[in-house]
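Construct all of the structure, not just a fragment, from the sequences and the given hints.
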Amino acid sequence: MFPNMIARNMKVWMLSALMAVSVSSYAQDKPNAENGKKLYEANNCGSCHALDKKVVGPALRGVHTRRSEEWLVQWVRNNEKFRKETKDPDAIALYTEYGGAAMNIFENLTPANVLDIVEYIKTAPEAKKAAVVATDANAPKDDNTALYILLILVAIFSSVLLVLARVKNTLKRVASEKNPEDFEDMHAPKKGFFEKILPGKWGKKNPVVLSVFTTVILGGLGAYYGFGYSISEVGVQKGYAPKQPIAFSHKLHAGDLKLDCKYCHSTVEESKQASIPALNTCMNCHKGVQLTDKYNGEISPEIKKIYAALDYNPEAKPGEEYGKNPRPIRWVRIHNLPDHAYFNHAQHVKVGKQTCQTCHGAIEKMEVVQQKNTLQMGWCIDCHRNAQVDVANNNYYKALHDKAKKDIASNNSKSKYFAADGKVKLTPAMNGGLECSKCHY
Amino acid sequence: MSNHIKYWKGEEELNKDPQFLAAQKNEFHDDLPLDEVFNEDGVELQANRRDFLKYFGFSVTAVALAACTKTPIRHAVPYLVKPEDVTPGVANYYRSTCGACSTACGIEVKVREGRPIKVDGSYDSPISMGGTCAVGQASILSLYDNERLANPLANGAEQTDWTALDSEIAGKLKGLGSAKIALVTSTIHGPSSLKAIEAFKTSYPSVDHVTYDAVSYSGILDANEADFGKRALPTYKFDTAKVIVSFGADFLGTWISPVEFSKGYTKHRQPSVEGGMSKHIQFESAMSMTGTNADFRFPMRASQEALYVATLYNYIAIATGAKQIPVPQQGELAGNSIKKTADALVKAKGSSLVISASNEVEVQKIVNGINMLLGNYGSTIDMVNHSNQYKGSDKKMAEVLAGLKSGSIAGVIFYNANPVYNHNSKEWSEALNKAKLSISFASSKDETAAACQYVCPDNHYLESWNDAEPRKGVYQFTQPTISNVFNTRQAQISLLVWANAVVAPAKDPFASKGIFSQKLQASPYYNFMRANWSALLGTDDAFNAVLEKGIYTEAASEGAVSYAGSVDSLASFVSANAKSAGLDMVLYQGVGVRDGAYANNPWLQEMPDPVSKVCWDNYVALPKALAVKLEIAEGDTVNVKVGDVTYNNVPAMVQPGQANETVAMALGYGRTHAGKVAGSVEKGFDTIGVNGYAFVNNTGNRNFVIKNVEITKGDDTYALAQTQTHHSIEGRDIVRESTYAKWQKNPKAGNDMPATHIYTIWEKPEYRKDGAPNHLWAMAIDLNSCTGCGSCLVSCSIENNVPVVGRDEIRLRREMHWIRIDRYYSFNSTEGVLTKDTEIAAADDKGNFDHWQNVNVLHQPMMCQHCSNAPCETVCPVLATTHSTEGLNQMTYNRCIGTKYCGNNCPYKVRRFNWFRFNDNDKFDFHFNNPLGKMVINPDVTVRTRGVMEKCSFCVQRIQEGKLKAKREGKSPNEVQVLTACQRACPSNAIVFGDLHNPESEVSKLYKNERGFTVLEEINVQSSVKYMTKIRNNDSI
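Read top to bottom, the protein sequences are chains L and R. What the first sequence shows, in our numbering, is residues 1 to 441, in sequence order. What the second sequence shows, in our numbering, is residues 1 to 1037, in sequence order.
Mixed in with the good hints there might be a few duds.
What the hints assert, rightly or not - Derived BS3-like pairs: lysine-lysine, alpha-carbon spacing no greater than 30 Å straight-line: (1) K416(L) <-> K971(R); (2) K262(L) <-> K965(R); (3) K122(L) <-> K87(L); (4) K323(R) <-> K242(R); (5) K425(L) <-> K971(R); (6) K365(L) <-> K82(R); (7) K629(R) <-> K641(R); (8) K339(R) <-> K267(R); (9) K350(L) <-> K110(R); (10) K81(L) <-> K122(L).
What the hints assert, rightly or not - Using C-beta positions, here's what the derived DEER-type ranges look like: (11) E548(R) <-> L147(L): 57 to 63 Å; (12) I105(L) <-> D541(R): 38 to 44 Å; (13) P125(L) <-> D540(R): 56 to 62 Å; (14) L337(L) <-> L932(R): 22 to 28 Å; (15) Q376(L) <-> A150(R): 41 to 47 Å; (16) K243(L) <-> A522(R): 39 to 45 Å; (17) I1019(R) <-> K423(L): 43 to 49 Å; (18) N284(L) <-> D541(R): 24 to 30 Å; (19) D540(R) <-> G288(L): 30 to 36 Å.
Rather than coming from a laboratory, the hints here were simulated on the basis of the structure. The structure presented is a predicted model; accordingly, all values stated were derived computationally and were not measured. The C-beta atom is built at its ideal place from N, Cα and C for all residues, glycine as well.
This is the structure:
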């Protein structure tokens, strides 16, 4: 997993390097703060530095007053070489102050680039007080009180309206009995409802019969589809995308940063559960990656929630960062199967070689994770009828594979195992994958 | 029926009781229990039609409305820091040692996400050899028992602060000065525990460590001390014994080390075994589980045991030319059987074994003498590598009681000892009032703890570190598999703290664990134990390797013990006990509840007794002759009087095989401070059964054979919850048996049925044909190995989340066990086996009822047979039960609508209907009704709800797990390893499960065995369970 990550990080660095080169070609002799800002962002300086706050590295504001330009250029471009070759006492002191955590090497930056960045730091506006406060790491509480009050009000007003209409009609009738001439049109023969809407003789049929007939037809259809639909939808949570205690973005991690799903969901190939990662997995990266540049020198409020849960203090002395009151995070479960259905991730991912996306959808594009499929039995069965089991590369299926190959040899394209691509076609259904006890026990 | 033997399961069946016949006709003969179902939901309902319709209508509407509500939000809470070796969803297994009794079987604990959910035997332990007993299986539930003390108690008040309590107790201990303190414990053989006690004694020199076992082996221990100069139990090697003679010892069920003995005993119980089948002769009064397995079983008056043993000694002495014990010959004793037994023993000299359950030193001395004459020491009895499993001394315990009463002992500490319940209850209560200091380490407020000033609750063994030495040179380790559930502390730590002897660890074992290291703290007792082993297992690697295996063995010592005993002086004792008037009563340990320490465990209460099949009660077992004399029938009660102890209206039961002039009663019942299940005076829960310990004379070695018992008929009636005739199958060919001699002539003996003409409309399905690529799961059960112990039944209940239903439901034939052990009796008179109803009636008419003392017994485990042509599948209207291509009969709960058609159509009566919701239901207030008890639920198996059928699934969750493992590792189907829960637990390897498509599998081989038969073969359901015909070695002694 780690080399993988490093490889990905390397890509990011190289990309930034390219960008840096292209930017630097426009550089002027005089340090350019605007260019410096771009370089600062492109090189992810903010991952480790903040302007007004000591994070992983020192606070940068006023750095030009502390060090000479030459010193800064040498340090930023290759601090290791600088330290070892010149044995600069300031450099060594700085290195020891931060516990021997060396800064990355930025030889992609020209000396002019470094000075641009220094210029940006010099001129950068004073940070506003961070307004973001870490919220409680609890699950969202669905508060429907307002909705209920609204519904009750609607009900009250509707009944008032009905009563009023009734009163109005009664008054009208009383009035018409007193002064019939004022209400002549009321006594004119009226066209029935059905006469109005049905053509010709159909409209002249007995209205009672017609009403009953219509009610039965409409009611029946309504009940059939409505009831059938609601029954089939009971407990189905397709589209469920609850607010999570930490606004973790799969889009950022799995999509943009292209982290392997299995880096965090590490048990997916061996266990029933893919597992929500433990927070120590988060800390592998977020001990360093704090996104302070995005939040004006403050640590990202979402990352702060990880720290809060672990009772971790990033500013404490090494060895004392962890406090005694960690509180686990209560994530909201999105994909819920009933107790009587058994699902095993290892079976599908490791043996069946299915991707995460098969069931979870394009998770790498989701800012907020939502349930993409119904998780109903019909949906499972559909896949079990159509998916391919990789029988050729697993010794467990050897006998099945041999049998299928034999069958293809004698029946050619008529064999049920025949697949157009020349491989053996074997679905879970053909190997008992539709049997009850494969999932229900 | 085969062999024309008349088999019967209960008297009601034998006598064709009309009520029984009616019940047998219809498996579900009761109406729907609507009252109870509605009461369960808190609705009052007098079941009339109008009310029913009202509630029905309301319920439908309510359900419709409820379906519209939002699904509740569910949470997932992952670890903050995941322990490296834990994978959520995958079980971890840890080796440990069972702490349910001092036998100390090596076990393997299954742990899911930090909670232990199953205990099975460790294959590396010479004590368990992979097996477990029912008590060991069930002991896991005591970890999640709500009756456990959550905090220590001081004078009845809960304390939360151990430090304050420690200084108070240490102060009081010091305050006693040189006054004597007794530390009363059950047998302890762990070297570290013994060392901790030594450390305690060093700080408090006035402490005297007394070992007390509720049911002790003082008789054997004292006899061995006199004869060999060594107060120890020998290691009995049943696996090398060809002729086994037991006087009342239930060595397969309860005696010393039943799992070890079962494993050894069954090695020579198959007729095909190399060296021939062993012969087992049992003399006993009560029908014990071991007695049911004997080839020859002779009724014996327990009070005359000395005479029996002496007579046997004399016959052997004659044959070997040794000096006899001068007692008058009693020719009429058990026919001529003792002489024949002696001949058989002499013939198997050096590979025979004679044991006795008697707690009288004199009897045990004669038994030692017999084994000495037979040259069994060194072959079947190892006195050099002796057992440490029981070391209690009844005499010492009596001295403690006397000392407390007289005031010469000022303080007393109890560890795993509950004398107020199982010793002289009244005198102990008084004595404890006099004690200046009384402390109990009991984990619940038991009878003794309730009378003590301080209760410092001990951990459950699954929360503890420990070591054990059940046999000399065999060391087993206990490691915690869960952190403490309650604010409890291991007793050893308490002793060390009070003695100010807590050792600082050589180094912090968790120092390298990174973050949260400050949260992890090694138990002080771990440090103590680790230091104790530092000489032998110095490095962490060496120690951890031993922990992983659970065992450390030293090479067995060679050599012999010298016999200094003499039986001459015992003649007067034998003569004095030769005759007895009046009735004898045998107090025995039941296989489930044993000595009563685990009486509050509902699994053990619900397990039917292997012999009588009674659950949830103890009772007086009567011989038929006595029952007839007292006019006692099923459902009657008796009054029992011994000296000044009387119990009125105790349930009575006629026990076939019970010797005339004797009665029997199980110990372990009558608990007054056990808890919700077994009874608690304090909390207002009814006590189950009566306390048999009250009859025991506590001076000298406690004798569990009581003389001069007066039995009269009680006024009351009482219905025992007895499962023996539930799910009966009317007189069909269910069990088959033959004898060893016949088998030697014809390996199909007893199983040589004429071919049944089978007409079928079913074709043989593709998957059953040879060479089909999938698995074909099947089971083979050896009736010769099965001892009927019930370990499989408890194991199955744990694995498959089978609910406990309670006494009342069992009376209504609604037990839920997926596996039952059918026990069949057949009469065995002196003329041979009684085969016809008329013969039985004629024998009954003779009036002596001798044939009721001589019954043969057959145990047959019965569970879903996974028929290929399953009758249940064809009648299900909703396809809730279907067949899989791996030969499994699948039960799908979410489809089942509860018509019970399948149960009605099942020829084996193995389907169980959920009459109620057994979880979260106050009516069934067992572990499924509280959050702590639910921790034991197997997360891979559905918890069933009301109104669905269920049955044995062949542990499909284990099959799927095994298959998945093979698939993940790319192994061939033949390498799939699956053990069902019943098979895994079996202490006699009677159950074999496997894949018939794998020709190398053990089950495939057994399917070719000539002894194999399927039950009800003639109805052509093609069942997947084959039984091996029972072969008895009873042609001649």
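Status of the hints after comparison with the structure:
1. K416(L) <-> K971(R): holds (25 Å)
2. K262(L) <-> K965(R): holds (19 Å)
3. K122(L) <-> K87(L): Holds, at about 27 Å.
4. K323(R) <-> K242(R): holds (25 Å)
5. K425(L) <-> K971(R): holds (21 Å)
6. K365(L) <-> K82(R): holds (28 Å)
7. K629(R) <-> K641(R): Holds: K629(R) and K641(R) sit about 18 Å apart, inside 30 Å.
8. K339(R) <-> K267(R): holds (27 Å)
9. K350(L) <-> K110(R): holds (24 Å)
10. K81(L) <-> K122(L): With Cα atoms ~26 Å apart, K81(L) and K122(L) stay inside 30 Å; holds.
11. E548(R) <-> L147(L): 57 to 63 Å: Given range 57 to 63 Å: holds, Cβ gap about 58 Å.
12. I105(L) <-> D541(R): 38 to 44 Å: Between I105(L) and D541(R), where Cβ atoms are some 41 Å apart, the hint holds.
13. P125(L) <-> D540(R): 56 to 62 Å: holds (58 Å)
14. L337(L) <-> L932(R): 22 to 28 Å: With Cβ atoms ~26 Å apart, the hint holds.
15. Q376(L) <-> A150(R): 41 to 47 Å: holds (44 Å)
16. K243(L) <-> A522(R): 39 to 45 Å: 42 Å Cβ-Cβ, so the 39 to 45 Å window holds.
17. I1019(R) <-> K423(L): 43 to 49 Å: Given range 43 to 49 Å: holds, Cβ gap about 45 Å.
18. N284(L) <-> D541(R): 24 to 30 Å: The hinted range 24 to 30 Å holds for N284(L) and D541(R), with Cβ atoms some 28 Å apart.
19. D540(R) <-> G288(L): 30 to 36 Å: holds (33 Å)
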